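> Sequence:
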Amino acid sequence: MNVKLLLALLLVAVVVSPLSSSAQQIILSNATAHDVLALFGLPRGLLPASVKSYSYDPDDGRFTVELTKPCYLHFSILFYYHETVTGVLEQGSMTDMEGIELKKLFVWVPLTEIKARPPPSRDIELVIGFVSETKDAAEFEEVRPCEDNGGGCAAAGGNPKQLLLLQQPAANAAQS
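Quick note on numbering: the sequence shown equals residues -23 to -1, 1 to 153 in mature numbering (1 follows the signal peptide of the UniProt record, and there is no 0).
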């Protein structure tokens, strides 16, 4: 490669880098929380539609989402969202998460990490402590409204008697 061309490319990289950072800040300042998830390679629908506000710190990756109220979303797993969801957002993952719990059998367990598998896979990995479960990311693409009661009869497989088994997460049950 020509030395002059190499130096020109290096100069362009140095000059453009701060612009890229500024451009990224402008994009993030105008984006919704769902858009930010997509910018980091995560499905937009991992958060409910009821996002009131969010903040993202590009220096340390801290991401905080405020919802209008706690709620449920029923995917192939029942999710419970506290009013505040936090984590560290990096390309393809959110770690150190707090504020989302999953219903596994009859127990609510905290979701601690979400990882997007690299292409061509369209899977995400939901990490619950030392255990993880892989799901198709397409299941989480659509941003959905909250379900106030864990999905009602739909979450109970259409059987109202099963609603008795939809216990609330520990933090929510303590408030009842």
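Don't read these hints as lab results, they were simulated from the structure. Nothing here was measured: the structure is a model prediction, and the numbers come from that model. By construction, the Cβ of each residue, glycine as well, lies at the ideal position given by its N, Cα and C atoms. There could be a bad hint or two in this list.
Computed beta-carbon distance windows for the label pairs [claimed, not checked]:
id : residue 1 : residue 2 : range
1  : E75       : E102      : 27 to 37 angstroms
2  : V84       : K46       : 36 to 46 angstroms
3  : D125      : P95       : 35 to 45 angstroms
4  : P95       : T45       : 17 to 27 angstroms
5  : P97       : E60       : 33 to 43 angstroms
6  : E116      : T72       : 14 to 24 angstroms
7  : T61       : P97       : 17 to 27 angstroms
No farther apart than 27 angstroms at their CA atoms in a straight line, the calculated lysine-lysine pairs in the DSSO-like style are these [unchecked claim]:
id : residue 1 : residue 2
8  : K112      : K92
9  : K112      : K81
10 : K29       : K92
11 : K92       : K81
12 : K81       : K46
13 : K46       : K29
14 : K92       : K46
> None of the hints should be skipped; say for each whether it holds.
Now the hints, each set against the structure:
1. E75 x E102: 27 to 37 angstroms: Check failed, 18 angstroms falls outside 27 to 37 angstroms.
2. V84 x K46: 36 to 46 angstroms: For K46 against V84, whose Cβ atoms are near 23 angstroms apart, the range 36 to 46 angstroms is violated.
3. D125 x P95: 35 to 45 angstroms: With Cβ atoms ~36 angstroms apart, the hint holds.
4. P95 x T45: 17 to 27 angstroms: Because 34 angstroms falls outside the window, the suggested range is violated.
5. P97 x E60: 33 to 43 angstroms: holds (37 angstroms)
6. E116 x T72: 14 to 24 angstroms: holds (21 angstroms)
7. T61 x P97: 17 to 27 angstroms: Hint violated: Cβ distance 35 angstroms, outside 17 to 27 angstroms.
8. K112 x K92: Measuring from Cα to Cα gives roughly 10 angstroms; hence the hint holds.
9. K112 x K81: holds (14 angstroms)
10. K29 x K92: Holds: K29 and K92 sit about 24 angstroms apart, inside 27 angstroms.
11. K92 x K81: OK: K92 and K81 at ~19 angstroms, within 27 angstroms.
12. K81 x K46: holds (23 angstroms)
13. K46 x K29: Roughly 9 angstroms separates the two Cα atoms, so the pair holds.
14. K92 x K46: holds (26 angstroms)
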